[in-house]
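Each chain is listed here by its residues.
2 protein chains.
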Amino acid sequence: MSKLAKEKLVKEITSMEDDFAQWYTDVCLKSELIDYTSVKGCMVIRPYGYAIWENIQRILDGMFKETGHENVCMPMFIPESLLQKEKDHVEGFAPEVAWVTHGGSEKLEERLCVRPTSETLFCDHYKNIIHSWRDLPKLYNQWVSVVRWEKTTRPFLRSREFLWQEGHTIHATAEEAQAETVRMLDVYAEFCEKYLCIPVVKGIKTEKERFAGAVETYTIEALMHDGKALQSGTSHFFGDGFAKAFGITYADKDNKLATPHQTSWGMTTRLIGAVIMTHGDDSGLILPPAVAPKQVMVIPIAQHKEGVIEKATEVYESLRKKFRAGIDVSEQSPGWKFSEYEMKGVPVRLELGPKDIEKNQCVLVRRDTAEKLFVSLDGIEETIEKLLEDISTSMYNKALERRETMTYSVNDLDEMKDTADNKPGFIKALWCMDRECEDKLKEVAGVTSRCMPLGQQDNIEGKCVCCGKPAKKLVYWGKAY
Amino acid sequence: MSKLAKEKLVKEITSMEDDFAQWYTDVCLKSELIDYTSVKGCMVIRPYGYAIWENIQRILDGMFKETGHENVCMPMFIPESLLQKEKDHVEGFAPEVAWVTHGGSEKLEERLCVRPTSETLFCDHYKNIIHSWRDLPKLYNQWVSVVRWEKTTRPFLRSREFLWQEGHTIHATAEEAQAETVRMLDVYAEFCEKYLCIPVVKGIKTEKERFAGAVETYTIEALMHDGKALQSGTSHFFGDGFAKAFGITYADKDNKLATPHQTSWGMTTRLIGAVIMTHGDDSGLILPPAVAPKQVMVIPIAQHKEGVIEKATEVYESLRKKFRAGIDVSEQSPGWKFSEYEMKGVPVRLELGPKDIEKNQCVLVRRDTAEKLFVSLDGIEETIEKLLEDISTSMYNKALERRETMTYSVNDLDEMKDTADNKPGFIKALWCMDRECEDKLKEVAGVTSRCMPLGQQDNIEGKCVCCGKPAKKLVYWGKAY
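Protein chains in written order, with the numbering used here: chain U, 1 to 481; chain Y, 1 to 481.
The hints are simulated quantities; they were obtained by calculation from the structure and are not laboratory data. On a predicted model such as this, the values are computed, not experimentally measured, just so you know. Mixed in with the good hints there might be a few duds.
Chain copies aren't distinguished; within one or between two, either way the pair holds.
Stated by the list, open to error - As a list, the in silico BS3-like pairs of lysine-lysine whose alpha-carbon atoms are at most 27 Å apart:
no., residue 1, residue 2
1, Lys359, Lys305
2, Lys321, Lys65
3, Lys107, Lys40
4, Lys40, Lys244
For reference, chain U alone in the conformation it holds in the complex (with noise of 0.2 Å):
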């Protein structure tokens, strides 16, 4: 491979060491993820950075189907009426919708704004379509775009609109809202975990940490490579608050009159920026092969002799049948090539030469270890099969390590100050449940709590980490994007 190529583009990307931050947005524009536009806080997502959300939507909406879950369309708009209903929920979300004050030259009798998320619109609909407990559950999905006015964006991490899908589900108990709250955030978990790679920690969000208008709101945390954490999906439980608020109501068995009780759950475009500061690293992407838009690249060298091209085309064609493969035939140099779909993250390159031909081998470059491989022609898609599958296994080992690496316990709050400043990472802490103690650790440490940890006693023994009083949970604290 042709070093000064190599150089070359690398120089492009700012090293992760350097500035994380500049990596990052080095990364997504480089790599053709987005671009930037003239709206302000909004990104255009590209061909390769939407063939990735694709994959992401295909492999999840199977999971919501496999599931029971339907989908349907809501409006993008919310009159500012229907929104003011439930008052935390209106509280959370006002201060940062987008507001839609006319139709063309005429002013709107009521203003509308623009969805930050659709609670209040699924509610409006379930009051006319459910009457009788047959009409119970209603276990909805939708795919759609929603705005809130940040002040401060990020590519893929907080833009003013976003790419997600909203599950909202209705159900005759509180038992199977419940339930179905906790499936949700299973599915979410196993999805990072299996196609992202990405090792979460599931748990439950304290009160002040909790989705605006929700009873109990669980979470995925995971932690990108500097340490910070990010929120990757929420499912929250809302109890009858909704539906008390908006009036619906159905005739049960005995009919008699009861009250449905409601979750919903989301997940965003913000997955891809998880998988960016997961996997990535100095010379770009690294992409997971289920959601990878090119699983295999062939790079056919020293194209220019007699068969070279025929018979990475061969292969090629061969391949595509059962992987998302490409093929690069440019006049561009493999120095050039080899960089260019680094830098793309593509799971594995396969290079093709005149000698590699002879012996009917080629050479397959792992994009995560850049381990190369000497293989046969014959049997190589079972080859790859089983190398994709290896990548993925070594690429999630290798975030749980890191992860478990960067997972400190602290018992005090100096303790607590000293690794929030120095060591970058997820800290675990006891906590009393206290508002106070919370927010002062936000004050003192910099540190916010992540979540709860699933699966942990009522009452823990210990001491909380501020306040030094009877703990009552176990805590993950971190900064957060």
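Start from chain U and add chain Y according to the hints.
Just chain Y now, with coordinates in the frame of chain U:
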């Protein structure tokens, strides 16, 4: 089948002859395609309606990708100054856009419209990414919703927000862009005819009906059951007008600065309206097999008898490997179920009772013709596969025959007026290409030009139907949705 149940359900749908508009609304609501919302002019697309859209999306998206297109995602907002860059375009769209004026509690420095279409956003992006002939063409598409502030709205046909795909491409030469425009019109026509079983007339719009900013607008026009035309898809050739307005240039192979040429093309949820009004009848929907959410519904007869549900489930399980199949084992009567799935337009009903099981047979009922077939359970998958193909062909032929029967030719203004008043359908007539005659036909006969069919010579022989002067083009006229 229980006659009572049938009558009960059919009563809920107004007959087409009594009131076609009410029939249409009834079908949309009763077959649970949509629901109205608190947001004026916007609808909920319910699971059954959205599943049709998902099938349309999947097939069309496959056709786009096969022809080399990539998906992207642009912001939903357009700054006012950006919308104003192309003069004709802003004149066409500004009167019907929704304006965002506030983000949270702050007034925006510049107001943003919610995209009515995204030419301006694509141009803004092209300007950033196109520098050399090597960067061309870009063949982009996006699946999003757009907003147009319509005064009178109807489900699927005209709503303030609708779902669509918008293709946007940019090419080195006018010839390439022109070829793309026609190629995508052909894709649209093929999709309508092959998958929606809707025959269409391919043609060019008159200047009056042209898309705001286009040099030429191509269209496919379908004829609905009531004799009104429905514009079902359009493909626009822009020449270099947008590129010039936005200052998009590239260095050609001789390193000279050149201006690229553009196209755009779109199809919308309106297609679902076309399906309803082309194929439906007084019992409800009749769905083309390619986009039907369920292609075959299994209905057990006398399901309380031993072994019936088991056998029906066994048949269903084998069918769902190959088809979008369903089974209804609810406590409702068979008659109720027959009416329900007739209303929902499921192409094939499979009835299976104790006597059928004894004979190793079942009853297949076609939704389109009500024909009953007694067939063996051996090879039932192949039988149904063939039947679905037959249904598609026959639905297309029926629609084509009706369109032919409802297409008239007229020679002068009296004939035009008489036909327009008394014979709903397409009206073929020659035209001198003067805008005045086009306006007069609208005023006198209430018809608009639908399109100038492709393939005709530049100067056709004969006289203009309006002024009697030498004609230039054959035009399809009609009343339209």
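Now for the hints, and whether the structure bears them out:
no., hint, result
1, Lys359 x Lys305, "within (16 Å within a copy, 68 Å between copies)"
2, Lys321 x Lys65, "both (26 Å within a copy, 15 Å between copies)"
3, Lys107 x Lys40, "both (24 Å within a copy, 14 Å between copies)"
4, Lys40 x Lys244, "between (38 Å within a copy, 24 Å between copies)"
Checked against the numbered hints given earlier, the structure satisfies every one of them.
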